[in-house]
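Using the sequences and the accompanying hints, generate a full structural model.
Protein chains: 2
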Amino acid sequence: MTAEEKDQYFRVALCSSLVLFGFDGEELKVLVYKKLNEPFKEALILPGKYILPHLSNDQAIHELLTEKIAYDEHQTYIEQLKAFTKVFRNPMGRVVNVAYYALVKLTPQLEERVESQGGFWFPYDRVPDLAFDHNEIIHYAKERVKRRVKRRPVGFNLLPEEFTIAQLQSLYEKALDRELDKRNFRKKIFNSNLIIETGNTTSPKQHRKVSKLYKFDEEKYEKLSLKGYDFLF
Amino acid sequence: MTAEEKDQYFRVALCSSLVLFGFDGEELKVLVYKKLNEPFKEALILPGKYILPHLSNDQAIHELLTEKIAYDEHQTYIEQLKAFTKVFRNPMGRVVNVAYYALVKLTPQLEERVESQGGFWFPYDRVPDLAFDHNEIIHYAKERVKRRVKRRPVGFNLLPEEFTIAQLQSLYEKALDRELDKRNFRKKIFNSNLIIETGNTTSPKQHRKVSKLYKFDEEKYEKLSLKGYDFLF
DNA sequence: GCAAAAGTGTTCACACTACACCCATGG
DNA sequence: CCATGGGTGTAGTGTGAACACTTTTGC
Numbered sequence: 017m018t019a020e021e022k023d024q025y026f027r028v029a030l031c032s033s034l035v036l037f038g039f040d041g042e043e044l045k046v047l048v049y050k051k052l053n054e055p056f057k058e059a060l061i062l063p064g065k066y067i068l069p070h071l072s073n074d075q076a077i078h079e080l081l082t083e084k085i086a087y088d089e090h091q092t093y094i095e096q097l098k099a100f101t102k103v104f105r106n107p108m109g110r111v112v113n114v115a116y117y118a119l120v121k122l123t124p125q126l127e128e129r130v131e132s133q134g135g136f137w138f139p140y141d142r143v144p145d146l147a148f149d150h151n152e153i154i155h156y157a158k159e160r161v162k163r164r165v166k167r168r169p170v171g172f173n174l175l176p177e178e179f180t181i182a183q184l185q186s187l188y189e190k191a192l193d194r195e196l197d198k199r200n201f202r203k204k205i206f207n208s209n210l211i212i213e214t215g216n217t218t219s220p221k222q223h224r225k226v227s228k229l230y231k232f233d234e235e236k237y238e239k240l241s242l243k244g245y246d247f248l249f
Numbered sequence: 017m018t019a020e021e022k023d024q025y026f027r028v029a030l031c032s033s034l035v036l037f038g039f040d041g042e043e044l045k046v047l048v049y050k051k052l053n054e055p056f057k058e059a060l061i062l063p064g065k066y067i068l069p070h071l072s073n074d075q076a077i078h079e080l081l082t083e084k085i086a087y088d089e090h091q092t093y094i095e096q097l098k099a100f101t102k103v104f105r106n107p108m109g110r111v112v113n114v115a116y117y118a119l120v121k122l123t124p125q126l127e128e129r130v131e132s133q134g135g136f137w138f139p140y141d142r143v144p145d146l147a148f149d150h151n152e153i154i155h156y157a158k159e160r161v162k163r164r165v166k167r168r169p170v171g172f173n174l175l176p177e178e179f180t181i182a183q184l185q186s187l188y189e190k191a192l193d194r195e196l197d198k199r200n201f202r203k204k205i206f207n208s209n210l211i212i213e214t215g216n217t218t219s220p221k222q223h224r225k226v227s228k229l230y231k232f233d234e235e236k237y238e239k240l241s242l243k244g245y246d247f248l249f
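So the sequences go chain by chain: S and U. Per my numbering, the very first residue in the first sequence carries number 17; after that it's consecutive. Per my numbering, the very first residue in the second sequence carries number 17; after that it's consecutive.
Be careful, since some hints might not be right.
[Unchecked claim] Selected chain S positions facing chain U (in silico; Cβ < 7 Å):
(1) 136
(2) 140
(3) 143
[As the list claims (entries may be wrong)] Heads up, incomplete: computed chain S residues facing chain U, CB under 10 Å, no partners named:
(4) 24
(5) 25
(6) 26
(7) 27
(8) 29
(9) 97
(10) 114
(11) 145
(12) 149
(13) 151
(14) 155
(15) 199
Honestly, the hints are just simulated from the structure, not real lab data. Even glycine gets a Cβ: it sits at the ideal position worked out from N, Cα and C.
What follows is the structure in structure tokens.
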């Protein structure tokens with residue numbers, strides 16, 4: 017490639033958007049922001065960043081998560097979705113968006129903090145119109161999460177340390193977008209041997225009846241993972 | 017974004033590589049070329065193209081397939097794999113590779129034509145060392161194909177119009193990288209109702225015994241597809 | 001005492017696995 | 001006549017789906 021040709025090719029910009037899914041124990045939500053400047057000022061968009069040529073996309077997503085939610089690397093599941101490459105995605109020029117999604121546990125504190133910084137949490141199944149092709153990106157992310165949730169217990173990234181079976185079931189129902197039978201669900205979960213009783217229970221204030229709290233058996237999961245284990249859902 | 021900032025960002029180049037899988041009725045193969053110029057002159061690489069900012073990646077892949085194999089759009093399965101974005105992938109500068117894979121039927125004519133143009137077909141499980149991160153891309157493509165083959169009958173894109181059950185089984189065995197039981201395989205395939213007897217048979221010259229030829233029932237598949245059908249393998 | 005959520009078993013249908021022999025044909 | 005590959009059935013096991021009642025406790 018000649019210097020002249022090089023000049024013609026190296027004129028693309030890179031950005032990464034993040035579809036951040038949070039679960040608060042009841043609802044699965046997606047984070048969006050309002051755009052502060054042109055183009056599409058005031059429109060809702062996914063959190064994202066333009067990326068300088070010498071910086072990595074992974075690093076950009078890491079920075080985004082740090083800025084937006086002060087995240088815990090070890091408790092956050094991050095994965096590249098795919099590249100969105102349409103020529104006219106962005107009015108400024110050719111911008112390729114390498115989109116990611118991440119899964120986090122949503123505490124009331126986190127939820128409020130993000131909102132006080134201008135973020136909005138929308139329910140998974142009722143995301144409004146966004147600028148650029150960001151609705152398409154979310155759609156794609158939802159499909160990916162559905163598939164992941166079926167095969168890997170990524171759901172555990174979305175739940176608090178200790179959780180009830182009802183919360184776990186609720187998460188699966190939201191993610192897979194269908195209702196599940198309570199008894200069948202418990203059978204499947206317990207048969208997997210991936211969760212262990214903590215001995216704790218919810219306080220009776222939350223609901224009429226107390227319920228047992230469980231946690232994820234990470235050690236067992238690591239072992240199974242190595243063998244190419246599928247969680248099967 | 018100011019004009020000055022814009023200048024800093026719009027300095028990335030785009031390219032697309034293609035992992036082309038071909039099946040000749042017995043072997044599943046991957047297409048690679050020898051690089052004709054620096055950097056990495058003489059090294060083996062995946063077919064690919066640098067992409068001018070006003071051109072689309074899909075178009076680039078389409079052109080690649082046209083140049084390399086004069087392909088039939090309707091018989092070729094193409095899908096984006098993911099973006100490979102490491103900062104130092106390419107010594108010329110920041111080049112983001114949006115990789116694709118495609119599945120084609122391999123006829124002896126096609127195989128030869130491609131080889132006469134400098135292409136090399138390597139068996140799926142014995143691809144040599146390639147330049148850049150292309151081995152990583154192939155690895156990723158193989159994993160993707162395994163998953164796709166289990167869920168969608170993409171295998172039919174790899175077979176001739178009319179094929180024997182033995183060919184179909186051989187394809188699945190190669191793609192999934194494990195042996196399958198003949199009787200169980202037939203049961204599953206026939207139960208799916210997605211293949212129909214053509215009434216034709218192989219000629220007795222090919223093997224000791226003639227075998228029936230089948231084709232894929234595309235109409236039935238279209239209908240099932242709409243309902244979010246899974247091929248289950 | 002009643003509303004709300006937790007917890008608990010059984011039955012049936014279907015799909016997956018493992019497994020072995022006969023048939024047609026070309027050489 | 002034998003080597004090669006095509007073609008066929010059954011029994012056992014496991015998983016998924018459907019389905020209803022009892023218990024606890026706050027109000």
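To see whether the hints hold, each was checked on the structure:
Hint status for residue 136 of chain S relative to chain U: violated, with the closest Cβ pair at about 23 Å, above 7 Å. Given the 7 Å rule on beta carbons, the hint for residue 140 of chain S is violated: about 18 Å separates it from the nearest Cβ of chain U. A cut of 7 Å between beta carbons decides the hint on residue 143 of chain S: the least distance to chain U is about 21 Å, and the hint is violated. Annotation: interface hint on residue 24 of chain S holds; nearest CB of chain U at approximately 6 Å, less than 10 Å.
Hint status for residue 25 of chain S: holds, given a least beta-carbon distance of 4 Å to chain U, under 10 Å. Interface hint status for residue 26 of chain S: upheld, as the beta-carbon distance to the closest one in chain U is roughly 5 Å, under 10 Å. Interface hint at residue 27 of chain S: satisfied, since its Cβ lies 5 Å from the closest Cβ of chain U, which is below the 10 Å cut-off. With a cut of 10 Å, the hint placing residue 29 of chain S at the interface with chain U holds, because the nearest CB-to-CB distance is about 4 Å.
With a least beta-carbon distance of about 8 Å to chain U, the hint placing residue 97 of chain S at the interface is held under the 10 Å criterion. With 10 Å as the threshold, the beta carbon of residue 114 of chain S comes within range of chain U, its nearest partner Cβ sitting at about 5 Å, so the hint holds. Violation of the interface hint for residue 145 of chain S is found here, the shortest Cβ-Cβ separation to chain U being roughly 23 Å, above the 10 Å cut-off. Below 10 Å, beta-carbon pairs count as interface contacts, and residue 149 of chain S has none with chain U, the closest being about 13 Å; its hint is therefore violated.
Annotation: interface hint on residue 151 of chain S violated; nearest CB of chain U at approximately 18 Å, more than 10 Å. Here the hint on residue 155 of chain S is broken, as its CB sits about 14 Å from the closest CB of chain U, past 10 Å. A hinted interface residue such as residue 199 of chain S counts as satisfied when its beta carbon comes closer than 10 Å to some beta carbon of chain U; here the least separation is about 24 Å, so the hint is violated.
This entry does not satisfy hints 1, 2, 3, 11, 12, 13, 14, 15, going by the numbered hints stated previously.
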